[in-house]
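Student: Sequence:
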Amino acid sequence: MNRTIALIPFYNHPDTIESVVGQLRRHGLPVLIVDDGSDAPSRVVLDRLKSWPQVHVHHQPVNGGKGSAVKTGFTLTHAMGYTHALQVDADGQHHLDDIPAFLALSEQHPEAAICGRPVYGDDIPTARLHGRKVSLFWVHLQTLSRSIPDALCGFRLYPLAAVRFVDNTPYLGNWMDFDPEILMHLYWRQTPLRWIPTRVSYAADGISHYRMVRDNLLITRMHTRSCLHMLPFLPSLLRRAFTKGDA
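The sequence shown begins at 1 in full-length UniProt numbering and counts up one residue at a time.
It cannot be assumed that every hint is accurate.
Stated by the list, open to error - Across the chosen pairs, the derived CB separations fall in these ranges:
1) P235 - R25: 17 to 25 Å
2) V44 - Q190: 39 to 47 Å
3) L228 - V44: 43 to 51 Å
4) G22 - K133: 31 to 39 Å
5) E107 - S201: 23 to 31 Å
6) V62 - P100: 31 to 39 Å
7) R189 - V119: 22 to 30 Å
To be verified - Subject to a maximum C-alpha distance of 25 Å in a straight line, what follows is the list of computed SDA-like cross-link-like pairs (lysine to any residue):
8) K133 - Y120
9) K133 - T220
10) K133 - L144
11) K50 - E18
12) K50 - Q23
13) K133 - Q23
14) K133 - H223
15) K50 - L105
16) K133 - P192
17) K133 - D215
18) K50 - G28
19) K133 - R225
Just so you know, the hints here were simulated from the structure itself, not pulled from any lab data. Just so you know, these numbers come straight off a predicted model, no measurement behind them. Ideal placement from N, C-alpha and C gives every residue a C-beta, glycine not left out.
Please build the complete structure, drawing on both the sequences and the hints.
Tutor: The following block contains the structure:
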């Protein structure tokens, strides 16, 4: 049986984090919040959450990026004895009522990464939608597969054994480039990927740390270096492409 903990990379979302943690606890999950150098008002809220049962908070001294926070979370949750980590955004975008479906599918396939396949409404910003399409084009090219329907949704349940390589892969992105990059690495390493449709919402007054120019440049740079990093996996990728043996 899996031992699963929710992992929240957090940076200055004081208005939504308590609701997100409350929903996770109602689903019976312990929670680790990795605070990525947040400001004083956010730390006040996090200090309050530390008193909640089975809620852990780890503070990073400076803002190192979402990817950096998730990587730290992988290390900490593994050391705490958990087998799986459910990554959830702190801003309330994810439909957390889908958690039972994630957990059930992970119990059936404990070796697989369970990934949210986002279902968007009319509230998705046009720039975000365009950026996702561009990144997905590169992911398909660099996996030699069209079996990945989304690369940027951060609602994922990772088997921690499958992401141990992160400790020895220092070039992995630390910001918004992390989500697509780790997904490609999992595919290259033949970790099975399973998908669950899930709603993603964008509040009109919500706080977003997405920066179109900066983040798209980071993702472009990541895909550029991935052309090199995929080379050791190219023989198996070609074999899978020709035999349609997608993970």
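Student: Look at each hint and say if it fits the structure.
Tutor: Each hint, compared with the structure:
1. P235 - R25: 17 to 25 Å: 46 Å Cβ-Cβ, so the 17 to 25 Å window is violated.
2. V44 - Q190: 39 to 47 Å: Cβ of V44 to Cβ of Q190: about 45 Å, so the range 39 to 47 Å holds.
3. L228 - V44: 43 to 51 Å: Since L228 and V44 have Cβ atoms about 44 Å apart, the given range 43 to 51 Å holds.
4. G22 - K133: 31 to 39 Å: holds, 34 Å
5. E107 - S201: 23 to 31 Å: Since E107 and S201 have Cβ atoms about 27 Å apart, the given range 23 to 31 Å holds.
6. V62 - P100: 31 to 39 Å: holds, 36 Å
7. R189 - V119: 22 to 30 Å: Since the Cβ atoms of R189 and V119 sit about 28 Å apart, the hinted range of 22 to 30 Å holds.
8. K133 - Y120: Roughly 13 Å between the alpha carbons, so the hint for K133 and Y120 holds.
9. K133 - T220: holds, 13 Å
10. K133 - L144: holds, 16 Å
11. K50 - E18: Given that 25 Å is the threshold and the Cα spacing comes to 11 Å, the pair holds.
12. K50 - Q23: holds, 16 Å
13. K133 - Q23: Violated. K133 to Q23 sits at ~30 Å, over the 25 Å cutoff.
14. K133 - H223: holds, 14 Å
15. K50 - L105: violated, 30 Å
16. K133 - P192: holds, 23 Å
17. K133 - D215: holds, 14 Å
18. K50 - G28: holds, 17 Å
19. K133 - R225: holds, 19 Å
In terms of the numbered hints stated before, the structure departs from hints 1, 13, 15, listed from lowest to highest.
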